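Chains as they are written, first to last, in the numbering used here: chain A, 1 to 488; chain B, 1001 to 1237.
Hints listed in this document are in silico derivations from the structure and should not be mistaken for laboratory results. This one's a predicted model, so the numbers in the text were calculated from it and none came from an experiment. Do not take every clue at face value.
[What the hints assert, rightly or not] Cross-link-like lysine-lysine pairs, in silico, DSBU-like; alpha carbons within 35 Å at most: (1) LYS1017(B) x LYS1128(B); (2) LYS467(A) x LYS1146(B); (3) LYS486(A) x LYS1017(B); (4) LYS48(A) x LYS1146(B); (5) LYS486(A) x LYS1128(B); (6) LYS467(A) x LYS1225(B); (7) LYS419(A) x LYS48(A); (8) LYS1017(B) x LYS467(A); (9) LYS1225(B) x LYS313(A); (10) LYS467(A) x LYS1128(B); (11) LYS1180(B) x LYS467(A); (12) LYS406(A) x LYS1017(B); (13) LYS367(A) x LYS48(A); (14) LYS48(A) x LYS1017(B); (15) LYS1128(B) x LYS419(A); (16) LYS1017(B) x LYS468(A); (17) LYS467(A) x LYS419(A); (18) LYS367(A) x LYS486(A); (19) LYS1225(B) x LYS24(A); (20) LYS1180(B) x LYS486(A); (21) LYS1225(B) x LYS1017(B); (22) LYS486(A) x LYS24(A); (23) LYS24(A) x LYS1146(B); (24) LYS1225(B) x LYS419(A); (25) LYS1017(B) x LYS389(A); (26) LYS1180(B) x LYS367(A); (27) LYS468(A) x LYS419(A); (28) LYS1225(B) x LYS1128(B); (29) LYS1146(B) x LYS313(A); (30) LYS1225(B) x LYS367(A); (31) LYS1146(B) x LYS389(A); (32) LYS1128(B) x LYS24(A); (33) LYS389(A) x LYS1225(B); (34) LYS468(A) x LYS1146(B); (35) LYS389(A) x LYS1180(B).
[Unchecked claim] Derived contacts from chain B toward chain A, CB cut-off under 10 Å, selection only: (36) GLU1020; (37) CYS1031; (38) PHE1090; (39) LEU1161; (40) ILE1162.
Where is the CB? At the ideal position from N, CA and C, for every residue including glycine.
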Amino acid sequence: MSSPNRRTSQHNAPIAHLKANDFKNASQAALQDAPLRRALSRATDTFKQRRLGALEEVDDWEALRTHGRAIKDETLSRLDHHLLRFVDQATARGTQVHFAATREEACTWIADLAERLDVKTVVKSKSMTTEEIGLNAALEERDLHPVETDLGEWIIQLADETPSHIIVPAIHKSRESVAKLFEERLGAEPDLDAIRLTQLAREILRGSYLEAELGVSGINFAIAETGSFLVLENEGNARLTTSLPRVHVAIMGIEKLLPRWADLETFLRLLPRSGTGQHLTSYQSIFTGPKRNPEDEGPEEVHVLILDNGRSKILDDDVTRETLACIRCGACLNACPVYAQVGGHAYGSVYPGPIGAILTPQLAGSKEAVPLPGASSLCGACRDVCPVKIDIPRILLHQRNEVTRKLPMHAPFERLAMKAFARMACAPGLWHRSLALARPFLRFAAGSSLPSRALRCMIPPLAAWSKKRSLPGPARHSFRQRYQRKNS
Amino acid sequence: MHLSLFVTCVIDQLCPKVGEATLTLLEQTGCTVDFNPRQTCCGQPACNAGYENEAQQVARHTLDVLEGDNPIVVPSGSCAAQLKHYDQLFPADDPDHERALALAPRIHELSEFLVDHLQYDASRSGFKGILTWHDACHSLRELGIKNQPRQLLAQVPGVELIEASECETCCGFGGTFAIKLPDLSVAMTDRKLDEIETLGVDGIVSTDASCLMQLGSRLANRGSKIRALHLAEILTQ
């Protein structure tokens, strides 16, 4: 299907495995996939309920959100300052800090490090940033063996897929489909239950931890004041990934900073509640440099790789900057009625759902993700649940404007129709005369006779509307006509 | 009190009786209501599809049409929200930005105006039936309307109101979204309707004409007996 050119352009795209321009077909396919939709609706409903439960215990959730957002705004307004402070503090505690401008640079740096250390197996804990840069594929190209250790990510790696949710990568998979996957790929007994499946994964993963000499993790929050960083998780896999191997590499986007240690109080309350509906994740690992004495536990080397990959461009944009306040909790995905129908893969980006729909075009360029700003009914449920109050619908609208401005050849009929609409709507006489002429025609098209149906099929917007909806016929006389008759 | 009616294009063309019911309701309370026949559309179709210039043009026309200082009642939540937020279409140094800011406090969605400003008594409605309320996204999230319509329906002696757990979920319309991604749009509608059909209601009520068009069209296509009804139709029975 894909031409060599397309493959090249995807390879160079700032986000790995980007297929966002295929949203219409991919969402259509997802709508046909009944097991997928059942799994999605069950999972998103559960997370929504748990989130509501977890919010009940917070006295003033609104104030907490406002405070969280204020900290993020403060950070972003002087990000250079906070980054430099982080570098100074982390370096003083023995952490080595590096910067990568692009995803290629980041992947190459990690692969080079692995080669220098002469390791073959690299264990990884869940990290969206490594998904963004396509680290696994890059390591495999260099004959290295990356192993995901988060259960969901491990399943996805086994199935050779990409995650479909920011915090629940295998949300689209049912227990049955995982059992089938384990049977096919690992020779497991058929139809294992969830506990046996987890046990099996655990047994296999233990070997990888012991074998690996390099562990790669993401970062939830980095603290400029102390040079520390945090990883939140529920399975203990991130703690093993970051403590057993000799070297730990943590990767984050430039926006993950918080100025002060005390800011954690706010974000440790916001993130788990919004994401999984937990008071706190089962594990919070805080890293402040490598081990200091040979007899201590932990890695000998700790590296932090700070990724730009288009983020400083977003930072410069007054209109969309708030996108960088995102703490990747996934609440907007669970709340989104579009996501609940089609799931993450339909978005064709490692960042799906409402936040993905605004982040992907900003990282990859609006040409690489033309349909995503339109993949929303602008209902605003995402804005309601966002723990840092990102106005996602506002940015979606802004990006829709970008598409029509930057891609003048996109949707020529729609453009023409909108020009005609605006012209008519500014000329009341023309507007009402035209609609009076159109009404009998539309009344006919709304009928149930064969010619009516044939007519509907020939006019694309009417055909699109009436495939699964009856077409509402307009009234014989408009309100305006009836009002004027009555009052004349 | 003297009011203006912004009837919205959907009600003007598709369901003029809802506009007339709105007039009746407002006049029942002793208000005088004017209707400027030069009004057309709030411009939301262009705005939401990303045609900022076109949306601005239509907004300028509507700002001219709605010139004045009396309250303006809109029997549709998303159109009311669009009119209320016209300022977002214009840069701060544009004179129309100032005009938009002056317009915003004059805009009222019907149920909000009836309850909060007219203390309307809905007990005279003779409507009989079991109903569920659909919180239109823009009424709920842009205008903060939640209790007002419920309060009105509770006053109608013949109405039993049953809440759907998905009452705040989007109906799937979303303007041009409904045409560009029609199967997805309908799948979203079905999520609501699947629950509502188990409630044993006679009607889904809202004050958003576009949501009602989406819900009603899908209900008819499903062969359902449930009707999509505008609040004004219930209150004037």
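Hint-by-hint comparison with the structure:
1. LYS1017(B) x LYS1128(B): holds, 19 Å
2. LYS467(A) x LYS1146(B): holds, 33 Å
3. LYS486(A) x LYS1017(B): Holds - the C-alpha atoms of LYS1017(B) and LYS486(A) are around 13 Å apart, at most 35 Å.
4. LYS48(A) x LYS1146(B): holds, 20 Å
5. LYS486(A) x LYS1128(B): The given pair, whose Cα atoms are some 29 Å apart, holds under the 35 Å limit.
6. LYS467(A) x LYS1225(B): Measuring from Cα to Cα gives roughly 20 Å; hence the hint holds.
7. LYS419(A) x LYS48(A): violated, 41 Å
8. LYS1017(B) x LYS467(A): At roughly 27 Å apart (the allowed maximum being 35 Å), LYS467(A) and LYS1017(B) satisfy the hint.
9. LYS1225(B) x LYS313(A): violated, 53 Å
10. LYS467(A) x LYS1128(B): With a Cα-Cα distance of about 33 Å, the restraint between LYS467(A) and LYS1128(B) holds, given a limit of 35 Å.
11. LYS1180(B) x LYS467(A): holds, 12 Å
12. LYS406(A) x LYS1017(B): violated, 42 Å
13. LYS367(A) x LYS48(A): The given pair, whose Cα atoms are some 33 Å apart, holds under the 35 Å limit.
14. LYS48(A) x LYS1017(B): violated, 39 Å
15. LYS1128(B) x LYS419(A): violated, 45 Å
16. LYS1017(B) x LYS468(A): Holds. LYS1017(B) to LYS468(A) sits at ~26 Å (cutoff 35 Å).
17. LYS467(A) x LYS419(A): The given pair, whose Cα atoms are some 27 Å apart, holds under the 35 Å limit.
18. LYS367(A) x LYS486(A): Violated - the C-alpha atoms of LYS486(A) and LYS367(A) are around 53 Å apart, more than 35 Å.
19. LYS1225(B) x LYS24(A): Roughly 32 Å separates the two Cα atoms, so the pair holds.
20. LYS1180(B) x LYS486(A): Given pair LYS1180(B), LYS486(A) is violated - Cα atoms ~39 Å apart, limit 35 Å.
21. LYS1225(B) x LYS1017(B): Measuring from Cα to Cα gives roughly 21 Å; hence the hint holds.
22. LYS486(A) x LYS24(A): At roughly 48 Å apart (the allowed maximum being 35 Å), LYS24(A) and LYS486(A) break the hint.
23. LYS24(A) x LYS1146(B): holds, 34 Å
24. LYS1225(B) x LYS419(A): violated, 39 Å
25. LYS1017(B) x LYS389(A): violated, 40 Å
26. LYS1180(B) x LYS367(A): Distance ~18 Å between LYS1180(B) and LYS367(A) Cα, so the pair holds.
27. LYS468(A) x LYS419(A): holds, 28 Å
28. LYS1225(B) x LYS1128(B): This hinted pair holds, its Cα atoms lying about 16 Å apart.
29. LYS1146(B) x LYS313(A): Given that 35 Å is the threshold and the Cα spacing comes to 39 Å, the pair is violated.
30. LYS1225(B) x LYS367(A): violated, 45 Å
31. LYS1146(B) x LYS389(A): Holds: LYS1146(B) and LYS389(A) sit about 21 Å apart, inside 35 Å.
32. LYS1128(B) x LYS24(A): violated, 43 Å
33. LYS389(A) x LYS1225(B): violated, 40 Å
34. LYS468(A) x LYS1146(B): holds, 30 Å
35. LYS389(A) x LYS1180(B): With Cα atoms ~28 Å apart, LYS389(A) and LYS1180(B) stay inside 35 Å; holds.
36. GLU1020: Given a least distance of 7 Å, the restraint on GLU1020(B) holds.
37. CYS1031: CYS1031(B) check fails; min Cβ-Cβ to chain A is 16 Å, beyond 10 Å.
38. PHE1090: Violated: closest Cβ of chain A sits about 14 Å from PHE1090(B), beyond 10 Å.
39. LEU1161: For LEU1161(B), the interface hint is violated, since the closest Cβ of chain A sits about 22 Å away, which is over 10 Å.
40. ILE1162: violated, 20 Å
The structure is inconsistent with the numbered hints 7, 9, 12, 14, 15, 18, 20, 22, 24, 25, 29, 30, 32, 33, 37, 38, 39 and 40, although it conforms to all the rest.
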